[in-house]
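**Student:** First to last, the sequence lines map onto chains U and E.
Taken in order, the first sequence gives residues 26 to 490; the numbers are from this note's numbering.
Taken in order, the second sequence gives residues 26 to 490; the numbers are from this note's numbering.
Derived by calculation from the structure, the hints in this document are not laboratory data.
Please read these numbers as outputs of a predicted model, since none were measured by experiment.
Ideal placement from N, C-alpha and C gives every residue a C-beta, glycine not left out.
Where hints are given, some of them may not hold.
Unchecked claim - Here are a few chain E residues that face chain U, going by a calculated C-beta distance under 8 angstroms:
#  : residue
1  : K31
2  : P34
3  : L37
4  : I66
5  : Q82
6  : S85
7  : E104
8  : T122
9  : G125
10 : S182
11 : R322
12 : P332
13 : F333
14 : E335
15 : V351
Stated by the list, open to error - Quick list of simulated restraints, FRET-style, between CB atoms:
#  : chain 1 : residue 1 : chain 2 : residue 2 : range
16 : U       : S223      : E       : V52       : 42 to 48 angstroms
17 : E       : A267      : U       : T459      : 56 to 62 angstroms
18 : E       : R50       : U       : T459      : 55 to 61 angstroms
19 : U       : P184      : E       : R270      : 34 to 40 angstroms
20 : E       : G400      : U       : P184      : 54 to 60 angstroms
21 : E       : D302      : U       : E38       : 24 to 30 angstroms
22 : U       : T396      : E       : Q40       : 52 to 58 angstroms
Unchecked claim - In silico negatives: residues of chain U with every beta carbon more than 10 angstroms from chain E:
#  : residue
23 : S223
24 : R224
25 : R232
26 : R422
27 : E434
2 protein chains.
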Amino acid sequence: MAHTVKVNPRVLEMQYAVRGPIPQRAVELARQGRRTIPCNIGNPQALGQRPITFYRQVLSLLEDPATLVRGRGNAAHLEIADEVVEMAREMVEASLTGPGAYTDSAGFGFVREAVSGFIDRRDRVADRGGVASDPNAVMLTDGASGGAVYVLEALISGPRDGVLVPIPQYPLYSATIARCGGVMVGYYPDEVRGWALSRDTIEDPLRQAQSEGVTVKAIVVINPCNPTGAILDEASMREVVAVAREHGLAIIADEVYQENTYGRPWTSFARVLGGEDVPLFSLHSVSKGFYGECGHRGGYLEVRNPPFVEGTDASLLEILRKQASVNLCPNTMGQFLVHLMVSGPPPDTETAATFVRERRQVLDDLHTKATMIRGFFERMENVACYGETGAMYLFPRLGTLPPGSGDFEYCMALLEETGLVTVNGAGFGQAPGTHHLRLAFLPPFELIEEVMPRWVEFHRRYVSG
Amino acid sequence: MAHTVKVNPRVLEMQYAVRGPIPQRAVELARQGRRTIPCNIGNPQALGQRPITFYRQVLSLLEDPATLVRGRGNAAHLEIADEVVEMAREMVEASLTGPGAYTDSAGFGFVREAVSGFIDRRDRVADRGGVASDPNAVMLTDGASGGAVYVLEALISGPRDGVLVPIPQYPLYSATIARCGGVMVGYYPDEVRGWALSRDTIEDPLRQAQSEGVTVKAIVVINPCNPTGAILDEASMREVVAVAREHGLAIIADEVYQENTYGRPWTSFARVLGGEDVPLFSLHSVSKGFYGECGHRGGYLEVRNPPFVEGTDASLLEILRKQASVNLCPNTMGQFLVHLMVSGPPPDTETAATFVRERRQVLDDLHTKATMIRGFFERMENVACYGETGAMYLFPRLGTLPPGSGDFEYCMALLEETGLVTVNGAGFGQAPGTHHLRLAFLPPFELIEEVMPRWVEFHRRYVSG
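Chain U with its partners taken away, still in its complex shape (with noise of 0.2 angstroms):
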């Protein structure tokens, strides 16, 4: 062979950010034997969350037929309560198959209807005249990033079809629009106002693009956001359907941190939609939540009117699924853990009472953790953090930096420093002019008592030169 070979200039384009320069750095330092903090991802128990005991628990007991078999009343000496060996029994009767076989590309039966189960009850939305979920319209992925780009790829027709991206954004967006060729259209949630959404911050881009012969055929939002921590209220999401209704757009809710709200309220995109007949795919995970589940990479897609593909009578639906069929099917142990995180324990059980007790201890941590750090950044000259807190993550904006210096170099040098590893404003997009970083607000207390004092006079040394 000749030893070059011409790659996909889309494939060489493309940029993902979170596992970019910075955390390549980081792997490095670390190899060198530097202690280095991964707050470059949501990851957390590779900050030492421990998982759900309940969920560990029956997926132990899903791969090991034998204490299955033997049931009911034979796991005391695991330490096992019966009612989860009971429910994991269930789940592999459920299953026919178990973990070991391929399952429909859509995923097991009996999980696509405890999702729909789970998004009803979730938002009451046929208490409200609106239409029930469909478990035919649900599709198990491998996390939700799997859906993401079925969808993605199958609405990009051509180099002039465009996607509305919010900027800052998850670079899985921007990096799957660049790989199908798309035109990613950014809007900018208004900062200062804690990146609040209206109809013109929408509108004018959109607009722009249309002008421009880019045809616009999807919205994205998320939330809560990655990377701002942003929750929508309930104003900026039906200015988000009514966009998408009159410019004939589909909505893509990645709705992943819906769990990480710390007791603020918030909504789905399906119970806004109600019965509004404009087309909405969303997404949700089990990496993220209290469950932070993210090696095992399950997740879902619910799609409500789906639009009929042109010049066929099948639905986009279908197309999804065939897409689904070539990548086989999402992995068994993904897809039980959905099953998992939508039904929750058995009720009125000490299993159920431990349940509850961990989820508290889990989210009241990370909202404490993000409440500390953020205590920390008023202590650093020019650092602004907008919004109330959501999501893993914290955006600060770092005001202004030294001559030659932007947020990139700001963060290889909080590495060097600090050993903190963060991923820069520029990696998720961000207006002109500013500078962010991105944090997940996922380490120890008594790291964050540690590390963030040295962030500080870090700081004060940078931004004086």
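Following the hints, position chain E against chain U.
**Tutor:** Coordinates of chain E only, in the frame set by chain U:
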């Protein structure tokens, strides 16, 4: 939204027959209460194959930190041997974070090292002056499909880029090449010579494509072959390497059935390549062999001699890693299972003895089933099944069918009559004018004994019109 949407034409056009209209009809029949026998897909545990005990015991422990903390000597009540608990504990320690965290995008380092060790032991390349496997050039993936998709997505840089693919082929390749907008250049192994390859078999279509302006960048080889079961001899493999070297092609070696050879010799492309500087991408998976753990979606891609990327100083390996990073990481349980696949049980233990017995049983049963089914084919007029038995499939040629019928109609009628779900040859591609079907030889013995005579009877009636 407009109630219709223009969908990416490449996504619209791609086909994946393994989950196409025949299996979809089977789902419908099953819903009506009909018994169906899913031989359309190599999914052993869906047809009753038992998982390997050792694998599942380790996986079960990995999900259950509590038992692992109690550690060695404390799992007797689980009927799990100490050496298994110890192995699970070592794997969690080596992983640092267990199953709950995102890993490196290329997968756990300790698993990639184990994969390289496995390849070196298997191939003894170093003994022959060749190059040892490099763990940094191993990527863990969600099944083998994930790796194939990354390679094809990177290599196909425009609509005149082509990939040589055997006909018949596993439709992952045709579907992915279609989605990436490249040209599939078919080459035809010689069916009546047991699907053997020759220089001309490959070079004729290659030159033809080149003369039509196609830049052929890679050749896919599936060995043992899905769907034909054929196992390549070393002479054929050396021809592939020679053609690749002379024409500057990369080799994509799909070797997921390497354990399914039933006593016949098998050689890896890495071994045949030896020290030659031809880019090689080889794929393996936990889904097939005697493991049959399809649902866990574990696999790996090993890269040798990655070319440089035109216009950059990056190697193609770096591009593949970037592609993987957008998907965050392969699922952890699949990664752990890859480790078990390439490491095996602790030697000289009861666990190892059980493992060897279970492995032999699975492979012997598969071989016996294939032989039984071939016996029934001999009772069908004009049905010929060429080549020896490999992989998990038989791909009989159906001979002359009644006017108006192709293999699709035959398979559909076979399903309606007997409940047997197969995939017609056109789903994989076949020489013009021939008709085939693919059957996974996985059903339990008693089911084979019962359904095959009904197929023989069906065939008699079908071909006599």
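**Student:** Would you mind marking each hint as holding or not holding in the structure?
**Tutor:** Each hint tested on the structure:
With 8 angstroms as the threshold, the beta carbon of E/K31 comes within range of chain U, its nearest partner Cβ sitting at about 5 angstroms, so the hint holds. Contact between E/P34 and chain U, as hinted, is supported at the beta carbon level, the nearest pair being about 6 angstroms apart and thus within 8 angstroms. Checking E/L37 against chain U by beta carbon gives a least distance of about 7 angstroms; that is within 8 angstroms, so the hint holds. Because the closest C-beta pair between E/I66 and chain U is about 6 angstroms apart, less than 8 angstroms, the hint holds.
Because the beta carbon of E/Q82 sits about 7 angstroms from the nearest beta carbon in chain U, less than 8 angstroms, this interface hint is met. With a least beta-carbon distance of about 4 angstroms to chain U, the hint placing E/S85 at the interface is held under the 8 angstroms criterion. Hint status for E/E104: holds, given a least beta-carbon distance of 7 angstroms to chain U, under 8 angstroms. Evaluation of the E/T122 hint against chain U yields a held restraint, the C-beta minimum of about 5 angstroms falling below 8 angstroms.
Evaluation of the E/G125 hint against chain U yields a held restraint, the C-beta minimum of about 4 angstroms falling below 8 angstroms. Restraint check, E/S182 versus chain U: the minimum CB separation of about 5 angstroms is within 8 angstroms; hint holds. Here the hint on E/R322 is kept, as its CB sits about 4 angstroms from the closest CB of chain U, short of 8 angstroms. A distance limit of 8 angstroms between C-beta atoms decides the matter here; for E/P332 the minimum to chain U is near 4 angstroms, and the interface restraint holds.
For E/F333, the shortest C-beta to C-beta distance to chain U is roughly 4 angstroms, which falls under 8 angstroms, so the interface hint holds. A hinted interface residue such as E/E335 counts as satisfied when its beta carbon comes closer than 8 angstroms to some beta carbon of chain U; here the least separation is about 5 angstroms, so the hint holds. For the restraint placing E/V351 at the interface with chain U, the shortest Cβ-Cβ distance is roughly 5 angstroms, inside the 8 angstroms limit, so the hint holds. Between U/S223 and E/V52 the beta carbons are some 47 angstroms apart, a value that agrees with the proposed interval 42 to 48 angstroms.
Against the hinted window of 56 to 62 angstroms, the Cβ-Cβ separation of E/A267 and U/T459 comes to about 58 angstroms, which satisfies the hint. A C-beta distance of roughly 57 angstroms is found between E/R50 and U/T459, which places it inside the suggested range of 55 to 61 angstroms. Between U/P184 and E/R270 the beta carbon distance is about 36 angstroms. The supplied range of 34 to 40 angstroms therefore holds. Under the hint 54 to 60 angstroms, the C-beta atoms of E/G400 and U/P184, about 56 angstroms apart, fit the expected range.
Between E/D302 and U/E38 the CB atoms are about 28 angstroms apart, so this pair conforms to the stated range of 24 to 30 angstroms. Judged by the Cβ atoms, the range 52 to 58 angstroms given for U/T396 and E/Q40 holds: they are separated by roughly 54 angstroms. For U/S223, the non-interface assignment is confirmed: its Cβ lies about 22 angstroms from the closest Cβ of chain E, beyond the 10 angstroms cut-off. U/R224, annotated as away from the interface, keeps every beta carbon of chain E farther than 10 angstroms; the closest lies near 18 angstroms.
Even its closest Cβ contact with chain E, about 17 angstroms, leaves U/R232 beyond 10 angstroms, as expected for a residue assigned away from the interface. For U/R422, the condition that its CB be more than 10 angstroms from all CB atoms of chain E holds, with the nearest at approximately 26 angstroms. Separation of U/E434 from chain E is adequate, the least Cβ-Cβ distance of about 22 angstroms exceeding the 10 angstroms criterion.
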